[in-house]
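Chemist: Sequence:
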Amino acid sequence: MSDTRATPVRVLVWGENRHEQLEEKVRAIYPDGMHTTIKEGIEEHLGAEAIVTTTTLDEPEHGLTEEALAATDVLVWWGHAAHAEVADEVVERVHQHVLAGMGLLVLHSAHWSKIFGKLMGTSCTLRWRSEEDRELVWTVDPTHPIAQGIPHPFIIPAQEMYGEFFDVPAPDELVFLSTFTGGEVFRSGMTYRRGFGKIFFFSPGDQDYPVYHHQHVRRVLANGVRWAVTVRPERAAPVLLRYETEDFYNGRGYQGALAR
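Heads up: the sequence shown begins at 0 in numbering that gives the first Met the number 0, then just goes up one per residue.
Everything labelled a hint here was simulated from the structure, so no lab data went into it.
The structure presented is a predicted model; accordingly, all values stated were derived computationally and were not measured.
Possibly wrong hints are sitting among the right ones.
Cβ pair distances, simulated, as ranges [to be verified]: (1) A70 to R241: 53 to 59 Å; (2) E43 to G120: 21 to 27 Å; (3) L240 to E43: 39 to 45 Å; (4) Y248 to T64: 50 to 56 Å; (5) L240 to D57: 50 to 56 Å; (6) T64 to G182: 41 to 47 Å.
Even glycine gets a Cβ: it sits at the ideal position worked out from N, Cα and C.
Turn these sequences into a full structure, and let the hints steer you where they fit.
Modeler: This is the structure we're talking about:
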């Protein structure tokens, strides 16, 4: 993000907020909800650069109304146990906003969210082991903006194992790679571009461990928000336009068989 940006980045952290309500262990780690801890981590590093708010699955329209998304520069998504409860029409709404330029951070088990699957076009399945493990997060691209200020590697003492094969398209950029004590490796930090939107997937963050209190994880998320902001002055999805010969600027909208 350029230092010349006149207004703060508008960040909306979306949390499923089910484990925190149902499981005492998770509530003890995140008493105000994981979404609140994620919000605080972004604020900690971005300060006045960002205005960060939260919403959850059980809000009307999951808190992702047209008005809310239009007022969001970067959406941060954490989900796990209730992917199927997210309404398809809301997923389509988010999808259109990403194509039009809204940034998206996809965290941990949100790899299996409807929105990530729709954007990737694959199963987004992976290898996993639900037990306490040590994760080493290695920086693959030290020149990337998301990797700035991050040690190489940094250690997450307690985390769920995610491993390859991860069924996603080849990323535009591989920023982080994780290794675990069982010998597994995982592409844990990847970027994509869809339409005019930028997407960052970051895997550390199982609900059973205090990962979003980790100082380096919090910096990664803040860096990811900075990176995901579009440089386009307006939000508009790519459209199919017809241009007459030697007219480079005045495209006309196509309303034929491919109109959506």
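Chemist: Please go over all the hints and tell whether each is borne out by the structure.
Modeler: Each hint, compared with the structure:
1. A70 to R241: 53 to 59 Å: violated (33 Å)
2. E43 to G120: 21 to 27 Å: violated (35 Å)
3. L240 to E43: 39 to 45 Å: holds (43 Å)
4. Y248 to T64: 50 to 56 Å: Violated, since Y248 and T64 (Cβ atoms, about 34 Å apart) do not stay within the stated range.
5. L240 to D57: 50 to 56 Å: violated (41 Å)
6. T64 to G182: 41 to 47 Å: Hint holds: Cβ distance 45 Å, inside 41 to 47 Å.
Of the hints listed earlier, those the structure fails to meet are numbers 1, 2, 4 and 5, in rising order.
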